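Protein chains: 2
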Amino acid sequence: MDIEIYLKEKRELIDSYLESYFNVPSEPRLLHEAMKYSLFAGGKRIRPILALASYEACGGRANDIIPYAAALELIHTYSLIHDDLPAMDNDDLRRGKPTSHKVFGEAIAILAGDALLTEAFSMLSNDRIQDTGFKIQDNDASRIMHHASSLKNSSLITHHSILRVICEVSMAAGTHGMVAGQVQDILSENSKPDRDTLAFIHLHKTAALITASVRIGPILANSDEDALMALTKYGENIGLAFQIVDDILNIEGNTEELGKPAGSDEKMKKMTYPALFGTEKSRQKAEDLISNAIDVLKVFSSEAEPLREIARYLIKRSV
Amino acid sequence: MDIEIYLKEKRELIDSYLESYFNVPSEPRLLHEAMKYSLFAGGKRIRPILALASYEACGGRANDIIPYAAALELIHTYSLIHDDLPAMDNDDLRRGKPTSHKVFGEAIAILAGDALLTEAFSMLSNDRIQDTGFKIQDNDASRIMHHASSLKNSSLITHHSILRVICEVSMAAGTHGMVAGQVQDILSENSKPDRDTLAFIHLHKTAALITASVRIGPILANSDEDALMALTKYGENIGLAFQIVDDILNIEGNTEELGKPAGSDEKMKKMTYPALFGTEKSRQKAEDLISNAIDVLKVFSSEAEPLREIARYLIKRSV
Chain S
375 MDIEIYLKEK
385 RELIDSYLES
395 YFNVPSEPRL
405 LHEAMKYSLF
415 AGGKRIRPIL
425 ALASYEACGG
435 RANDIIPYAA
445 ALELIHTYSL
455 IHDDLPAMDN
465 DDLRRGKPTS
475 HKVFGEAIAI
485 LAGDALLTEA
495 FSMLSNDRIQ
505 DTGFKIQDND
515 ASRIMHHASS
525 LKNSSLITHH
535 SILRVICEVS
545 MAAGTHGMVA
555 GQVQDILSEN
565 SKPDRDTLAF
575 IHLHKTAALI
585 TASVRIGPIL
595 ANSDEDALMA
605 LTKYGENIGL
615 AFQIVDDILN
625 IEGNTEELGK
635 PAGSDEKMKK
645 MTYPALFGTE
655 KSRQKAEDLI
665 SNAIDVLKVF
675 SSEAEPLREI
685 ARYLIKRSV
Chain D
375 MDIEIYLKEK
385 RELIDSYLES
395 YFNVPSEPRL
405 LHEAMKYSLF
415 AGGKRIRPIL
425 ALASYEACGG
435 RANDIIPYAA
445 ALELIHTYSL
455 IHDDLPAMDN
465 DDLRRGKPTS
475 HKVFGEAIAI
485 LAGDALLTEA
495 FSMLSNDRIQ
505 DTGFKIQDND
515 ASRIMHHASS
525 LKNSSLITHH
535 SILRVICEVS
545 MAAGTHGMVA
555 GQVQDILSEN
565 SKPDRDTLAF
575 IHLHKTAALI
585 TASVRIGPIL
595 ANSDEDALMA
605 LTKYGENIGL
615 AFQIVDDILN
625 IEGNTEELGK
635 PAGSDEKMKK
645 MTYPALFGTE
655 KSRQKAEDLI
665 SNAIDVLKVF
675 SSEAEPLREI
685 ARYLIKRSV
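As they're listed, the protein sequences go chains S and D.
When we follow our numbering, the leftmost residue of the first sequence carries the number 375, and every step to the right adds one.
When we follow our numbering, the leftmost residue of the second sequence carries the number 375, and every step to the right adds one.
Certain hints may be false.
Any copy, or any two copies together, can satisfy a pair, since identical chains are not distinguished.
Claimed, not checked - With a Cα cut of at most 30 Å, we get these calculated DSS-like pairs of lysine-lysine: (1) 566 to 382; (2) 672 to 644; (3) 659 to 418; (4) 644 to 382; (5) 471 to 607; (6) 476 to 607; (7) 641 to 672; (8) 659 to 410; (9) 644 to 476; (10) 476 to 643; (11) 672 to 607; (12) 672 to 476.
Because the hints were derived from the structure by calculation, they are not lab data.
Given the structure is predicted, the values throughout are model-derived calculations rather than measurements.
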């Protein structure tokens, strides 16, 4: 299989859903624009694609779970907007474009992040709930109907599974996941790197949401415990590898390719794998993690091929 | 009935649940402390109490829906932390105590808000989902078990109802609700007040989440459409009245009683009811809304008495 084609096709599925979802402008327009500005800034949609691929590995059809996959991108995008704020990493560039607060100001950037995070839970929950009487906005009804119709073939997905997905995603994004990692990341700036703190940051800041993305597949497909556990291990391994590769690229990439200033981690004295172990050892660690990830997929046959290829792709990526 | 005693009893139910939920410290401790600092700063728990009272009005037992009610307070608290930030209203005091960013710094305040918002959706979704395999934190298991046991008598609540509640709350809090109101509030500072913009701000910033809080009761009790519609109107009326009373108190109250600087709206040139209509007309408007709210409850008998008393209480409050 050609993984580049697979990634492109799946990215287009997600993008097309997100574009349609955000097609109707809401008031105030500036908030709507700020949300779209960051959401359509060229993200690779890795997390949604992982959810689709893991659902396919469990025998499902990617088209049936698009809203659940797409919601992950809203959460990822909110986290980038807030991470870039002056009070946090104070970044001016993201994916080659000015960051949200540079364009819209700090207040709107914070609120656009808040709105994207909150909207993710609307996207996750409003499937087939056509009797929601929320009345303030006229365009809610059409949005919910659109959402419901996109899922008309997914009758195997139970309300219980959807609740499990919401629990999974909120746990991975919040106090016990991504936000905890981001707080530790900030608190550890300028500290002497140590292995435990570094592991905590990476596992929480990056691996938690990636692992949740992968787990959505077996949860929605109602797969058995073996499949769920294998995919959990796959997610943890590629999640950690993904962050290590990110850290290496921050040193070795150039600003134009990265779309953000190269060397910013070193400048901010961030605790990273290369800072603790050096670039070569870090690269070896990432390769070992990818091997582990592919290894745990052996309980699956050819339907998990995209997941294997995504793992190999993640270590070879240049941006 | 004595409404003061009712409010105190219900507030204690909510506080006891929240204290138990946040009893196990999570890492990093500073994040956990920041979340607790704002959550236990003396909030009146009006939104959770409205949810409990509306569930009782629909024949339910308040004890059965505590997590769904308590989650509303997490969302309300996050919104206060973010509203107070230097980039927003730049407030130093809230409920007589220094605001989150004054104590913990801006970065941690933003992230504590993010974490509270996200945790609200964990609280809403993790009821009776004991097979969630989220592995990073050891204390998740005990937390989920605690949660499940608190709900052992609530078997009438369906997964579908819970999804409707999550949809309801996320819609009311996000782009189509509270965040939209906050954005418009900021954009309207220094503008000449007009009736439509003012209505937009108040309906979205305050009334949306209060209405959602009231709607949770009939949704979880699986009540009929008439009850749901009556309670929706009740929520919209008291939500608007609540904000008007807040605006009047901001002018007439004193800093010590309010726990925040009196007159701050005027200083920030906020668009408020008193600024547009004057204090007397605003008070009359609030009283009319409260009468309407009580009037729509006539489809209920004595079980809605707490809701009627809460409406009367809201207009008489001094803080």
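Here's how the hints hold up against the structure:
Taking identical chains as interchangeable, the C-alpha atoms of residue 566 and residue 382 are never at most 30 Å apart, the minima being 41 Å within one chain and 49 Å between chains. Neither within a single protomer nor between protomers do residue 672 and residue 644 lie at most 30 Å apart by alpha-carbon distance, with minima of 36 Å and 61 Å respectively. Within a single copy, residue 659 and residue 418 get their C-alpha atoms as close as 24 Å, which meets the 30 Å cut-off; across copies the closest is 51 Å, which misses it. Proximity of residue 644 to residue 382 under the C-alpha cut-off of 30 Å is found in neither arrangement, the shortest distances being 33 Å within a copy and 47 Å between copies.
Taking identical chains as interchangeable, the C-alpha atoms of residue 471 and residue 607 are never at most 30 Å apart, the minima being 35 Å within one chain and 45 Å between chains. Taking the closest pair of Cα atoms, residue 476 and residue 607 never come within 30 Å of each other, the shortest separation being 38 Å inside a single copy and 41 Å across copies. Taking CA atoms no more than 30 Å apart as the test, residue 641 paired with residue 672 passes in neither setting, with 41 Å inside one copy and 65 Å between copies. When the C-alpha separation of residue 659 and residue 410 is checked against a cutoff of 30 Å, the pair qualifies neither within a copy, at 36 Å, nor between copies, at 38 Å.
For a Cα distance limit of 30 Å, the shortest separation of residue 644 from residue 476 qualifies both inside one copy, at 23 Å, and across copies, at 25 Å. In the homo-oligomer, the alpha carbons of residue 476 and residue 643 lie at most 30 Å apart both inside one protomer (23 Å) and across protomers (25 Å), since each shortest distance falls under that limit. For a Cα distance limit of 30 Å, the shortest separation of residue 672 from residue 607 inside one copy, 12 Å, qualifies, whereas the shortest one across copies, 57 Å, does not. With identical chains, the CA atoms of residue 672 and residue 476 are never at most 30 Å apart, being 47 Å at best within one copy and 52 Å at best between copies.
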